[in-house]
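S.K.: Next come the chains, spelled out residue by residue.
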Amino acid sequence: MPLMTLVQAINSALAQEMERDERVVILGEDVGLNGGVFRVTDGLQAKFGPDRVIDTPLAESGIMGTAIGLAMAGMRPIPEIQFEGFLGPAYDQLCNHAARYRSRTRGAVTVPMTVRVPWGGGIHAPELHSDSPETIYVHQPGLKVVCPSTPYDAKGLLLSAIRDPDPVVFFEPKRVYRSFKEEVPEEDYTIPIGQAKVLTEGTDLTLVSWGSMVFQCLEALDTLPDDMSVELIDMRSLYPFDTDAIVQSVEKTGRCVIVHEAPKTCGLGAELATVLQERCFLHLKAPVQRVAGFDVMMPYYKLELDYLPNAQKVAQAVGQCLAY
Amino acid sequence: MAHATLGTRTMDRSTTRLTDQLPDATLIQWLRDMMLIREFENRCAQAYQQAKIGGFCHLYTGQEAVAVGTIAAINHDDPIVHAYRDHGHALARGMDPGVCMAEMFGRSTGCAKGKGGSMHMFDKPNWFFGGHGIVGAQTGLGAGLAFACRYEHEVLGKALENPGVSPGADAKKKVALAFLGDGALNQGVLHEAMNLCGLWGLPCIFIVENNGYSMGTAIHRGTTMADDLTKKADAYGMRGETIEAFDLLDLYNAFKPVADWCREEQKPAFIDMRTYRYLGHSMSDPQKYRTKDEVDSFKSRDSIERLTTHLLTQRKGPDGRPVLNEADVAAMQAELRDVVKHALEFAEQSPLPDPATELYSDVLKNPMPNMSPIRDYTIGAKNPLL
Ligand SMILES: Cc1ncc(C[n+]2csc(CCOP(=O)(O)OP(=O)(O)O)c2C)c(N)n1
Ligand SMILES: [Mg+2]
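Chains as they are written, first to last, in our numbering: chain A, 1 to 324; chain B, 1001 to 1386.
No lab work stands behind these hints, which were simulated from the structure alone. Predicted model, so just to flag it, every value in this text is computed and none were measured. Quick reminder that beta carbons are idealized off the backbone N, C-alpha and C, glycines included. Among these hints, one or two may not hold up.
Unchecked claim - Listed below are the simulated SDA-like cross-link pairs for lysine to any residue, each with C-alpha atoms no more than 25 Å apart in a straight line: (1) Lys264(A) - Ala1356(B); (2) Lys1365(B) - Pro57(A); (3) Lys1288(B) - Cys266(A); (4) Lys181(A) - Ser1284(B); (5) Lys1288(B) - Ala46(A); (6) Lys1267(B) - Lys1288(B); (7) Lys264(A) - Asp1319(B); (8) Lys1052(B) - Lys1365(B); (9) Lys1256(B) - Glu1152(B); (10) Lys1365(B) - Cys266(A); (11) Lys1113(B) - Ala46(A); (12) Lys1292(B) - Pro57(A).
What the hints assert, rightly or not - Distance windows between CB atoms, simulated: (13) Leu305(A) - Glu1294(B): 36 to 42 Å; (14) Asp1227(B) - Asp42(A): 27 to 33 Å; (15) Glu1294(B) - Lys47(A): 26 to 32 Å; (16) His1191(B) - Glu201(A): 51 to 57 Å; (17) Ser103(A) - Asp1234(B): 38 to 44 Å; (18) Lys252(A) - Lys1124(B): 53 to 59 Å; (19) Asp1293(B) - Arg20(A): 51 to 57 Å; (20) Gly74(A) - Asp1293(B): 42 to 48 Å.
Between the sequences and the hints, there should be enough to build the whole structure, so can you do that?
M.R.: Shown next, in the form of structure tokens:
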């Protein structure tokens, strides 16, 4: 089985699905000739031609609108937005239209598109190039939101997303893009949207995260005393999210720490914590804790690591929650 | 070729040009300003390679004449708003090179306290409303700045808070400059802003720094009517001009009357400013989209070399001798190397922003104690403001 980075795994999923399904087209700024700002679509235009891998003008609203129209007519477009902050100009098209079409037409017209968006911090980029705006899109009914943390999950989730009958926002953690390789099958496989993954099993505390923060959690686990038994869950899908996975785990452990990059207030952690207190209140031995970004703009790179949660902060929260 | 060159404009040699009437010192100052930007950007590139500058860094090399020539044609209390390739404009407007460099180094002495970086050059005392990382976003703000210009002149009758203006002073007619790249031509907000300016008569000058490319996308692949962008101005009932930005004096002579007209008539304008960037889009750009020959052909029209030659040979002082000689130029270069060296030293020696205070500051003026980031952020740094 070949070893792939996150970038390579996404590229291979795209190539494979374009091979399989002629309705799949990619469109975005510099995705063709240049292979994308992060080179995720490298080589695809050479392989599938400019009719299917389409360089667009600098026009996020237009890119999104065009992709929606294509999808409404029965195509499977995959627009790329270069950085999460540039979803701003495309917001109206995505949230006010793509998300609502199924509902508006009572199921007659749907928008099966996958919006690929590099996401999150940790690469020394400034605000709007390092943000984690997942909650905005999770909060919008009618969208699915995924955020894989590993090459294997990325390929399987991307194939599911492209084949999904509804619009999916596919957030790609930039910090993980080239940070490691793992075995990724060459053949076709899917990972269902809406399923979390248990990375380590444990009995004392449940640690919940997604995207690049999963690796901060793993690092934190290494620093914990051996007698602390922590269950680490990678959400992978942010909407719909896997309620059963976290509830089952917390019923067992009685404690939970949620870790995310986005600002704390109204971050997805708030929703997950609420679900836990609704569903397993009597199992809880401590308040659910959150380790999150602060309610500030992502600072320039010299303060980036002060902003982002890290292994030390996670370990500290785990310790506090266990000692509660 | 990125964009076709213009047909030669016939310049009536018998009439004196605006720049002929300017003091020699002004032209020498312009040369110095352009050379400062060039030297500054060269040093930025080095500092980036040495990992002293992080994040993104978009250099202005090749386009210096645009910032210097246009900013020289307006007044210091005319507002300016710009995109992200913004070091040159900040310097041309008067930002201290040390402060500019410190921002890129992420130091607390930077113009955004080291919390913004290369795309965040703000300088309110110089009425410079800075860089913007969302392409095109600044054009809407330009319309608003122009609206404020008209409002203070026609409605308030006195100046709004302004650098160097005492409160309550009589309002003047002003113009706003909104710079954008050719890539920004394709963003919706520009078209809304142009329509507003055309409709309401807002004195905003949209200056398209048309360097032929938006990242790797040549202008013909990105926008309609690329050979004559002034047609876009027509669509919004706005004066449109095409100006070549390779010769600073030609640029000034063409641009200054437009700026004066916009100020006098309180009307908008749109300028297709033909320029070229010598370096990659940002620091990591393999430049597969253009040839070295193309880059070289534009380098042969270098605005700094042209003005230098002009001052060394054509422009004569009262004594009949050229206003500059080789030794003057060498001295100027040496002086600018020093200026930028000091800027680097200043940046390097400046402290980093203190995360204990700077991580939280400047989000809102009066954070409330019960507002997040709140006291019970127990993990990580505490908010000392609360
Ligand atoms: C809304 C938005 N989309 C995309 C980008 C990414 N991006 C930054 S600069 C750029 C190219 C802009 O080209 P142009 O406007 O011609 O300016 P130039 O780089 O030539 O100065 C792109 C695509 C962005 N910053 N904002
Ligand atoms: Mg350009």
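S.K.: Each hint needs a verdict: does it hold in this structure or not?
M.R.: Status of each hint after checking the structure:
For the given pair, Lys264(A) sits about 18 Å from Ala1356(B) by alpha-carbon distance, which is consistent with the 25 Å threshold. Distance restraint check for Lys1365(B) and Pro57(A): the Cα-Cα separation of roughly 38 Å exceeds the 25 Å cut-off, and the hinted pair is therefore not satisfied. With a C-alpha separation of about 43 Å, the suggested pairing of Lys1288(B) with Cys266(A) is violated against the 25 Å cut-off. Note on Lys181(A) and Ser1284(B): the hinted pairing holds, with a Cα-Cα distance of about 23 Å set against a maximum of 25 Å.
Only pairs whose Cα atoms come within 25 Å are accepted, and Lys1288(B) paired with Ala46(A) is accepted, the gap being roughly 14 Å. Straight-line distance between C-alpha atoms of Lys1267(B) and Lys1288(B) comes to about 41 Å, which puts the hinted pair past the 25 Å bound. For the suggested pair Lys264(A) and Asp1319(B), the alpha carbons sit about 71 Å apart, so the restraint of at most 25 Å is broken. With a C-alpha separation of about 31 Å, the suggested pair Lys1052(B) and Lys1365(B) falls outside the 25 Å cut-off, and the hint is violated.
The suggested pairing of Lys1256(B) with Glu1152(B) holds, with an alpha-carbon distance near 23 Å, which does not exceed 25 Å. Taken as a hint, the Lys1365(B) and Cys266(A) pair is honoured in the structure, with Cα atoms around 21 Å apart against an allowance of 25 Å. As the CA atoms of Lys1113(B) and Ala46(A) are separated by approximately 45 Å, the hinted pair breaks the 25 Å bound. Between Lys1292(B) and Pro57(A) the CA atoms are separated by roughly 24 Å; this keeps the pair inside 25 Å, and the hint holds.
Hint check: Leu305(A) to Glu1294(B), Cβ distance near 41 Å, so the stated range 36 to 42 Å holds. With their beta carbons about 32 Å apart, Asp1227(B) and Asp42(A) fall inside the hinted range of 27 to 33 Å. The given range of 26 to 32 Å is respected by Glu1294(B) and Lys47(A), whose C-beta atoms sit roughly 27 Å from each other. Range check, His1191(B) to Glu201(A): about 56 Å between beta-carbon atoms, so the 51 to 57 Å window is met.
A C-beta distance of roughly 41 Å is found between Ser103(A) and Asp1234(B), which places it inside the suggested range of 38 to 44 Å. In this structure the supplied range 53 to 59 Å holds for Lys252(A) paired with Lys1124(B), their Cβ-Cβ distance being about 56 Å. About 42 Å separates the C-beta atoms of Asp1293(B) and Arg20(A), a value inconsistent with the hinted range of 51 to 57 Å. Distance hint check for Gly74(A) and Asp1293(B): the Cβ-Cβ separation is about 45 Å, which falls inside the suggested range of 42 to 48 Å.
Of the numbered hints given earlier, the model fails hints 2, 3, 6, 7, 8, 11 and 19; all others are met.
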